[in-house]
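*Asks:* Chain by chain, the residues:
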Amino acid sequence: MTWALDHLGDILARAAQHAWLAGLPLVLGLVIAVPLGWLAARQPRLRAVLLTTTGLLYTIPSLALFILLPPLLGTKILDSINVIIAMTVYTVALLTRTVADGLSSVDGSTRQAAVAMGYGAFARFRAVDLPLAVPVIAAGLRVAAVSNVSIVSVASLIGISQLGYFLTDGYARSYPTEVWVGIVACLLLALVFDLVIQVASRVLTPWTRAVAA
Amino acid sequence: MIRFEGVTKRYADASGADDGAGSLAVDDLTLEAPTGKITVLVGPSGCGKTTTLRMVNRMITPTSGTISIDGKDTASLDVAELRRGIGYVIQHAGLFPHRTVLDNVTTVPRLLGTDKRTARARAMELIERVGLDPAMARRYPAQLSGGQQQRVGVARALAADPPVMLMDEPFSAVDPVVREQLQNEFLRLQSELGKTILFVTHDIDEAVKLGDQVAVLRVGGVLAQLDSPAKLLADPVDDFVAGFVGRDRGYRALSFAAAPELSLTDEPTVRLGARADDVRAVGTPWVLCVDDDREPLGWVRAAAVETEVTRTLLHRGGTVASVSGSLRALLDAALSSPSGRGVVAGDDGRLVGTIRAAEVIPAIEARRDSTTEEATAR
Ligand SMILES: Nc1ncnc2c1ncn2[C@@H]1O[C@H](COP(=O)(O)OP(=O)(O)O)[C@@H](O)[C@H]1O
Ligand SMILES: [Mg+2]
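One line per chain: the protein sequences are W and V, in this order. So the first sequence is numbered by the numbering used here: it starts at 48 and just counts up by one. So the second sequence is numbered by the numbering used here: it starts at 618 and just counts up by one.
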């Protein structure tokens with residue numbers, strides 16, 4: 048406890064870095080996964096291709112991705128952009144299916160009514176399908192958030208500053224307290240993400256709570 | 618007027634091969650749905666009713682043939698514009714779960730660019746018009762019963778005041794009592810609005826009740842008969858239609874025959890609380906009880922009255938026919954009455970008199986003679 052208090056500044060700085068490395072890709076990944084998911088939901092053939100590809104992406108080990116990206120992108124190995132991109136890839140991999148499922152979960156008669164009222168494909172997506180898919184997408188986003196927070200900690204192995212540092216450093220120095228601080232900090236960060244997503248989802252979906260008055 | 622001309626829809630086989638061997642859902646349909654009238658498409662499941670309906674707003678493209686609205690070929694119109702000019706109501710309403718009732722109803726006007734305030738004001742009017750409490754406007758669809766959702770569906774379809782309405786089994790998913798209410802209010806609404814309506818149902822009773830004209834389709838999408846409900850019941854063109862319109866069609870056809878002026882018998886009456894002696898003094902085994910406004914309450918068996926007439930003693934089985942009702946209602950009142958005397962009330966609900974089945978029959982016979990003459994004259 049004293050160790051944690053003594054190093055509070057360092058812990059907070061690394062936590063902020065960790066939040067940035069895990070959080071920004073969550074946003075970027077969502078922005079990319081929504082159009083991909085939309086395409087997948089519209090086109091059965093495209094769906095198979097997209098979901099298989101994105102599914103495969105998730106199976107690439109994170110360390111490999113962190114190391115493979117710099118030569119591919121021409122970035123420096125210590126550049127945190129590699130982590131951002133890698134985490135975005137994972138987020139897209141997790142979210143594309145969720146978005147596609149969410150969009151196609153809209154009730155048939157609701158969709159039919161929207162078409163019959165003269166909504167074009169894009170307008171319908173924006174005004175009907177997407178808002179209705181929010182609860183499903185939020186659930187997927189929560190999984191992706193936890194997954195990102197945990198994967199980002201691996202980046203300490205390639206020397207990028209975040210909470211994972213306490214795990215590797217504590218292990219190297221055989222100092223369990225430091226490892227525990229790292230674990231708890233990661234956990235708290237994941238909880239914060241989870242909370243933010245849940246609150247956002249609640250705000251966006253007032254109708255889900257309006258049941259049989 | 619909606620006009621189908623030689624409209625055929627052939628769905629591709631499951632294989633997707635368009636070799637002309639796909640299943641015919643609608644076969645060379647030629648039909649006119651006149652302006653301001655309800656045209657009902659009725660037929661067994663899978664006979665192509667939904668397909669027919671959806672070809673009008675181009676949710677389905679016909680394989681061949683043309684569909685025009687007021688002389689304009691729908692294929693030549695902008696599809697979004699076409700759809701916004703056509704109200705569409707479906708079985709499970711298809712309301713947007715994420716929008717309040719009010720916002721559901723304003724959908725099409727908002728798509729058409731009406732400003733929010735105007736659209737909402739008109740929506741509130743419609744919500745009341747379809748028989749919903751204005752307080753419901755702020756609810757979400759999940760907070761409404763099936764019948765209420767269906768009313769919102771109707772209000773939403775009417776919001777942009779489209780001249781044409783397509784309705785696909787809109788009342789099929791609600792219980793019979795609510796269905797009857799919705800049907801009656803739909804007829805009342807239509808009498809005020811006069812839309813050109815194409816209405817799909819698999820229920821022949823609903824078809825003859827609502828339709829100004831009824832088109833019976835057989836499986837394979839072939840039009841079997843297009844006629845007024847009365848004509849359909851009286852004169853089915855073939856065994857299929859005869860079987861489809863059902864068994865007691867002779868009796869049901871009487872629904873469309875307005876009751877002629879019949880001489881009714883004055884009926885002695887008693888009030889609630891009448892003493893046993895007074896009831897027996899009437900001299901008939903069954904005595905009609907009325908309230909202070911002379912509205913019929915029910916029959917009471919004189920022998921059953923010990924001290925006075927109470928509500929629990931009233932026989933509730935008899936129906937009351939209206940003087941302006943149909944022969945069917947008149948006959949039913951007579952047949953359902955324990956005394957054999959059918960109770961007839963005026964439009965104000967007050968008792969006018971009674972009539973026996975034997976007195977209704979001649980009116981039915983007289984009507985048959987006149988319609989046969991009419992048919993032969995044609
Ligand atoms: N999208 C479709 N693809 C292939 N066949 C269809 C499709 N939609 C309907 N059908 C077939 O066309 C026929 C008519 O269907 P439908 O118009 O829905 O009938 P109804 O509404 O009278 O029950 C049925 O045999 C049905 O199986
Ligand atoms: Mg159907």
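I should point out that these hints are in silico values taken from the structure, not numbers from a laboratory. All figures in this text were calculated on a predicted structure; none of them were measured in a lab. Take the hints with a grain of salt, since some may be wrong.
[Unchecked claim] Derived lysine to any residue pairs resembling SDA-like cross-links, with alpha carbons at most 20 Å apart: (1) V:733 to W:173; (2) V:826 to V:790; (3) V:848 to V:868; (4) V:733 to W:194; (5) V:654 to V:868; (6) V:733 to W:174; (7) V:848 to V:859; (8) V:654 to V:845; (9) V:689 to V:780.
[Stated by the list, open to error] What the simulated footprint calls covered on chain W by chain V, stretch by stretch (three residues with Cβ under 8 Å from a Cβ of chain V suffice, anywhere in the stretch; the number is not a length): (10) 151 to 162; (11) 198 to 208.
Glycine residues also receive a C-beta, built at the ideal position from the N, C-alpha and C atoms.
*Asks:* Next step is simple, just say for each hint if it's right about the structure.
*Replies:* Evaluation of the provided hints:
| no. | hint | in the structure |
| --- | --- | --- |
| 1 | V:733 to W:173 | holds (19 Å) |
| 2 | V:826 to V:790 | holds (17 Å) |
| 3 | V:848 to V:868 | holds (13 Å) |
| 4 | V:733 to W:194 | violated (43 Å) |
| 5 | V:654 to V:868 | violated (25 Å) |
| 6 | V:733 to W:174 | holds (16 Å) |
| 7 | V:848 to V:859 | holds (12 Å) |
| 8 | V:654 to V:845 | holds (11 Å) |
| 9 | V:689 to V:780 | holds (14 Å) |
| 10 | 151 to 162 | holds (count 8) |
| 11 | 198 to 208 | violated (count 0) |
In summary, the numbered hints that this structure violates are 4, 5, 11.
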